[in-house]
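Participant: Sequence:
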Amino acid sequence: MDLIKNGNLLRKLRKEKRLTKKELADKLGIVAKTVSKWETGHGFPDVSTLSALSEIFGVSEKSLLCGDLPQNKQESGNIRRTKFYVCPSCGSIMQAMGNCEISCCGKSLKPLQTQAPNNEHTLTISDIEDELFLEVSHSMSKEHYISFIAYLGYDKLYTFRLYPEQDCAIRIPKAYNGSILYYCNQHGLFAYRITRKR
540 MDLIKNGNLL RKLRKEKRLT KKELADKLGI VAKTVSKWET GHGFPDVSTL
590 SALSEIFGVS EKSLLCGDLP QNKQESGNIR RTKFYVCPSC GSIMQAMGNC
640 EISCCGKSLK PLQTQAPNNE HTLTISDIED ELFLEVSHSM SKEHYISFIA
690 YLGYDKLYTF RLYPEQDCAI RIPKAYNGSI LYYCNQHGLF AYRITRKR
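Just so we're aligned, residue 540 is where the sequence shown starts under this note's numbering, counting upward by one.
Hints listed in this document are in silico derivations from the structure and should not be mistaken for laboratory results.
Fair warning: this is a prediction, and the values are worked out from it, not measured in the lab.
Positions of the beta carbon are idealized from the N, C-alpha and C atoms, including for glycine.
Accuracy of the hints is not assured; some may be wrong.
To be verified - Cross-link-like lysine-lysine pairs, in silico, DSSO-like; alpha carbons within 27 Å at most:
hint	residue 1	residue 2
1	Lys622	Lys646
2	Lys554	Lys576
3	Lys561	Lys601
4	Lys572	Lys544
5	Lys572	Lys560
6	Lys601	Lys646
7	Lys681	Lys622
8	Lys622	Lys560
9	Lys649	Lys601
10	Lys622	Lys713
11	Lys576	Lys551
12	Lys561	Lys544
13	Lys544	Lys601
14	Lys566	Lys544
15	Lys560	Lys601
16	Lys601	Lys554
17	Lys554	Lys572
18	Lys646	Lys681
19	Lys566	Lys576
20	Lys695	Lys649
21	Lys561	Lys572
22	Lys554	Lys544
23	Lys622	Lys601
24	Lys601	Lys572
25	Lys556	Lys572
26	Lys566	Lys551
27	Lys544	Lys576
28	Lys576	Lys601
29	Lys551	Lys561
30	Lys551	Lys572
31	Lys695	Lys681
32	Lys560	Lys576
33	Lys622	Lys649
34	Lys566	Lys601
35	Lys576	Lys556
36	Lys554	Lys566
37	Lys551	Lys601
What the hints assert, rightly or not - Beta-carbon label-pair distances, calculated as ranges:
hint	residue 1	residue 2	range
38	Met679	Lys649	23 to 29 Å
39	Lys572	Gly630	43 to 49 Å
40	Glu674	Arg620	43 to 49 Å
Generate coordinates for the entire structure from the input sequences, incorporating the hints supplied.
Facilitator: This is the structure:
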């Protein structure tokens, strides 16, 4: 651990929050001299204080320990690069268009990898007036179900949350190109490419 590097980061984060050493110390229930020691590289917060600093500064404990806030390259915002994440503990669904660190329930999450539909996870698409009716033939029991269906086009993203014991079907505005993604809580993320003529 590079205490000077860690101290520089703590100073930078404190100044970004426009806190004096005393104000930060008061929030942590310590003396300002301790904050000064950290920032000059003559000490480092203990584990309980590290958690409080993470909360105050809005950064991960890992970043505080490393003394660095890694920056991703500027993303052009291409919606087709959207990645989906699902927490294995609580089932929360998250999505991101760029590279980022996603965590939930204290665990780091990896982006879901897509796979081709199979016989147990088939998608049916029907035209109904100005909409597409999407239906996945799949069990919707409390133990085994499709938790979301999404349409990902060149400039649109629709995500529909589904729940056990409801129909596994949605309607979206008529689309001609893009991908339909649907997530089975036991078998992962499936992707079906739409290529239709107007």
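Participant: For each hint, tell me whether it holds in the structure or not.
Facilitator: Results of checking the hints against the structure:
Restraint check for Lys622 and Lys646: the C-alpha separation of about 17 Å stays at or below 27 Å, so the hint holds. Between the alpha carbons of Lys554 and Lys576 the distance comes to roughly 16 Å, so the proposed pair stays at or under 27 Å and holds. For the suggested pair Lys561 and Lys601, the alpha carbons sit about 25 Å apart, so the restraint of at most 27 Å is met. Taken as a hint, the Lys572 and Lys544 pair is honoured in the structure, with Cα atoms around 19 Å apart against an allowance of 27 Å.
A threshold of 27 Å between alpha carbons decides the hint, and for Lys572 with Lys560 the separation of about 8 Å falls inside it, so the pair holds. For the given pair, Lys601 sits about 12 Å from Lys646 by alpha-carbon distance, which is consistent with the 27 Å threshold. A distance of roughly 25 Å separates the Cα atoms of Lys681 and Lys622; the hinted pair therefore holds under the 27 Å criterion. Straight-line distance between C-alpha atoms of Lys622 and Lys560 comes to about 40 Å, which puts the hinted pair past the 27 Å bound.
Straight-line distance between C-alpha atoms of Lys649 and Lys601 comes to about 17 Å, which keeps the hinted pair within the 27 Å bound. For the given pair, Lys622 sits about 23 Å from Lys713 by alpha-carbon distance, which is consistent with the 27 Å threshold. Among the hinted pairs, Lys576 with Lys551 is consistent with the structure: their alpha-carbon atoms are about 15 Å apart, no more than 27 Å. For the given pair, Lys561 sits about 21 Å from Lys544 by alpha-carbon distance, which is consistent with the 27 Å threshold.
With a C-alpha separation of about 14 Å, the suggested pair Lys544 and Lys601 falls inside the 27 Å cut-off, and the hint holds. Taken as a hint, the Lys566 and Lys544 pair is honoured in the structure, with Cα atoms around 23 Å apart against an allowance of 27 Å. Taking the CA atoms of Lys560 and Lys601, the gap is near 22 Å; set against the 27 Å cutoff, the hint holds. A distance of roughly 20 Å separates the Cα atoms of Lys601 and Lys554; the hinted pair therefore holds under the 27 Å criterion.
Our distance criterion of 27 Å between C-alpha atoms is met by Lys554 and Lys572, whose separation comes to about 16 Å. Our distance criterion of 27 Å between C-alpha atoms is met by Lys646 and Lys681, whose separation comes to about 24 Å. Between Lys566 and Lys576, the direct Cα distance comes to roughly 17 Å. Compliance with the 27 Å bound is thereby established for this hinted pair. Between Lys695 and Lys649 the CA atoms are separated by roughly 23 Å; this keeps the pair inside 27 Å, and the hint holds.
Using a Cα cut-off of 27 Å, the hinted pair Lys561 and Lys572 holds, with the two alpha carbons roughly 8 Å apart. Taken as a hint, the Lys554 and Lys544 pair is honoured in the structure, with Cα atoms around 16 Å apart against an allowance of 27 Å. Distance restraint check for Lys622 and Lys601: the Cα-Cα separation of roughly 23 Å lies within the 27 Å cut-off, and the hinted pair is therefore satisfied. Taken as a hint, the Lys601 and Lys572 pair is honoured in the structure, with Cα atoms around 24 Å apart against an allowance of 27 Å.
For a cut-off of 27 Å, the pair hint linking Lys556 to Lys572 stands: about 19 Å separates their Cα positions. Simply put, Lys566 and Lys551 have alpha-carbon atoms about 17 Å apart, close enough for the 27 Å limit, and the pair holds. This hinted pair checks out: Lys544 and Lys576 have alpha carbons roughly 13 Å apart, not beyond 27 Å. Of the pairs offered as hints, the one joining Lys576 and Lys601 holds, with about 20 Å between alpha carbons and a cut-off of 27 Å not exceeded.
Taking the CA atoms of Lys551 and Lys561, the gap is near 15 Å; set against the 27 Å cutoff, the hint holds. Under the criterion of a C-alpha separation no larger than 27 Å, the hint pairing Lys551 with Lys572 is consistent with the structure, at around 17 Å. Straight-line distance between C-alpha atoms of Lys695 and Lys681 comes to about 30 Å, which puts the hinted pair past the 27 Å bound. Taking the CA atoms of Lys560 and Lys576, the gap is near 11 Å; set against the 27 Å cutoff, the hint holds.
Note on Lys622 and Lys649: the hinted pairing holds, with a Cα-Cα distance of about 9 Å set against a maximum of 27 Å. Of the supplied pair hints, the one linking Lys566 and Lys601 holds, its CA atoms being roughly 21 Å apart against a limit of 27 Å. Annotation: proposed proximity of Lys576 to Lys556 holds, straight-line Cα distance about 19 Å (limit 27 Å). The straight-line distance between the Cα atoms of Lys554 and Lys566 is roughly 15 Å, inside the 27 Å bound, and the hint therefore holds.
Between Lys551 and Lys601, the direct Cα distance comes to roughly 16 Å. Compliance with the 27 Å bound is thereby established for this hinted pair. Met679 and Lys649 have their C-beta atoms about 26 Å apart, which keeps the hinted 23 to 29 Å range intact. Roughly 46 Å separates the CB atoms of Lys572 and Gly630, a value that falls within the hinted 43 to 49 Å. A hinted range of 43 to 49 Å is violated for the C-beta pair Glu674 and Arg620, which are about 27 Å apart.
Against the hints set out earlier in the document, violations occur for numbers 8, 31 and 40.
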